[in-house]
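Let's have the full structure, built from the sequences with the hints guiding it.
Its first residue numbered 1, the sequence shown is counted upward by one per residue in the numbering used here.
Read the hints as simulated data drawn from the structure, not as lab findings.
We treat Cβ as the ideally placed atom computed from N, Cα and C, and that holds for glycine.
Do not take every clue at face value.
Once the Cα atoms are required to be at most 25 Å apart in a straight line, the calculated PhoX-like pairs of lysine-lysine come out as [unchecked claim]:
hint : residue 1 : residue 2
1    : K261      : K273
2    : K183      : K296
3    : K188      : K274
4    : K39       : K131
5    : K334      : K190
6    : K151      : K334
7    : K82       : K70
Now the in silico label distances, taken between C-beta atoms and shown as ranges [claimed, not checked]:
hint : residue 1 : residue 2 : range
8    : K255      : K16       : 53 to 59 Å
9    : K335      : K294      : 26 to 32 Å
10   : S86       : N138      : 18 to 24 Å
11   : D216      : E111      : 44 to 50 Å
12   : R34       : Y94       : 27 to 33 Å
13   : Y238      : G20       : 46 to 52 Å
14   : A166      : I257      : 26 to 32 Å
15   : R34       : K82       : 21 to 27 Å
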Amino acid sequence: MAEKTYYEEQNSKGLKHLRGLIETLPPFVSDFFRSLGQKNTSVRTRINYAYDLRLFFQYLIDNHPEICDKKMDTITVEDLDKVLPSDIDLFLEYISFYQKERPESEDTYLEVHNGEKGRARKLAAIRSMYKYYVKIQNIKTNPAALVDTPKIHDKEIIRLNPNETADLLDEVESGQDLTERQKKFHEKTKKRDLAIVTLLVGTGMRVSECVGIDIDDIDFNVNGVKVTRKGGNEAVLYFGSEVRGALLDYMEERKNIDALKGNENALFLSSQKKRITTRSVQLLVKKYSQVSVKLKKITPHKLRSTYGTTLYNESGDIYLVADVLGHADVNTTKKHYARMDESRRAKAAKFIKLRKED
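What follows is the structure, given as structure tokens:
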């Protein structure tokens with residue numbers, strides 16, 4: 001039996017988690033999630049939908065006059081027809097700010113905020129569920145379709161300029177501004193950390209793609225690395241000389257590390273000799289960027305944005321950027337880089353002279 005890839009392992013864990021979540025929802029909802037799986041919706045999306053719908057049903061139990069006498073496992077598909085658009089509007093207003101009990105303590109509460117994107121995602125989950133049950137004629141109405149999507153205001157995309165990128169990489173390499181305690185760990189991990197950060201900013205890959213890389217996914221003959229994209233598709237990303245150098249330095253070190261069983265082929269290892277996690281990569285990027293780029297909150301995703309910006313500035317080809325970043329829809333890429341187009345158009349005006357200057 002062939003060994004599972006990192007993506008397959010994560011997918012299996014996600015499916016197990018999803019099944020547990022579905023068991024906490026009204027029984028009829030399992031049909032809806034089965035339909036999402038048949039459409040090849042990602043496991044992560046289905047998990048998010050499960051959390052969102054559980055919150056929605058709990059709100060109905062707590063607040064809806066015709067459903068409040070029920071428990072989660074007694075809500076039926078017919079109850080969906082009792083919900084009005086105004087009920088969903090009130091739900092979206094409620095989740096802007098609410099409190100819930102902390103799992104570890106019954107005496108304290110956790111404050112939860114949902115911004116524009118959070119409310120829009122929960123509305124999308126409710127709409128999708130209603131659309132499915134209307135389609136198979138289990139219910140007659142889709143009140144969610146009559147609710148306006150929360151307006152999402154564009155935020156400035158945070159990215160590094162070339163000098164900031166250089167400062168970040170210099171800090172990862174030297175560790176000069178770290179605390180004394182951090183410097184002790186830095187001596188042990190600096191080659192790994194430099195390889196990770198250089199790879200992220202030099203290819204634009206997602207942090208989940210980075211941690212999933214195996215040793216045999218690197219081909220220095222073509223300077224390429226194989227990654228598994230969202231949805232399970234594989235792609236080869238190509239890197240330049242700086243990424244190549246950082247990877248080669250780390251690979252020499254990696255050869256002398258005996259990874260724990262099941263992690264032998266993982267490229268990047270934690271100090272416990274296991275495959276490094278996405279959370280660990282997020283924390284190491286935060287650690288170095290806090291002391292080198294103090295005015296910006298940098299995450300692995302911001303390094304991805306930095307790569308995309310650099311590539312677009314150099315090529316002017318939005319389709320190339322979309323392809324390399326792994327965006328399924330080029331409109332997603334256009335949305336992120338539309339402001340750069342505006343800047344280019346504004347500069348064009350400076351080149352046009354209607355009259356000769358004296």
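How the hints compare with the structure:
Distance restraint check for K261 and K273: the Cα-Cα separation of roughly 9 Å lies within the 25 Å cut-off, and the hinted pair is therefore satisfied. Straight-line distance between C-alpha atoms of K183 and K296 comes to about 22 Å, which keeps the hinted pair within the 25 Å bound. At roughly 15 Å between alpha-carbon atoms, K188 and K274 fall within 25 Å of each other, so this suggested pair holds. Simply put, K39 and K131 have alpha-carbon atoms about 14 Å apart, close enough for the 25 Å limit, and the pair holds.
In summary, the hint linking K334 to K190 is not supported, as the alpha carbons are separated by about 36 Å, beyond the 25 Å threshold. Among the hinted pairs, K151 with K334 is consistent with the structure: their alpha-carbon atoms are about 19 Å apart, no more than 25 Å. A hinted pair counts as satisfied when its Cα atoms are at most 25 Å apart, and K82 with K70 qualifies at roughly 13 Å. For the pair K255 and K16, the supplied restraint of 53 to 59 Å is violated, since their beta-carbon distance comes to about 34 Å.
Checked against the given bound of 26 to 32 Å, the beta carbons of K335 and K294, roughly 29 Å apart, stay inside it. In this structure the hint that S86 and N138 lie 18 to 24 Å apart at CB holds, the actual value being about 22 Å. Look at D216 against E111: about 46 Å separates their beta carbons, and that is inside 44 to 50 Å. A hinted range of 27 to 33 Å for the beta carbons of R34 and Y94 is consistent with their spacing of about 29 Å.
Distance hint for Y238 and G20: a CB-CB separation of about 40 Å, inconsistent with the stated range 46 to 52 Å. Taking the beta carbon of each, A166 and I257 are about 29 Å apart, inside 26 to 32 Å as hinted. Between R34 and K82 the Cβ separation comes to about 24 Å, which falls inside the hinted range of 21 to 27 Å.
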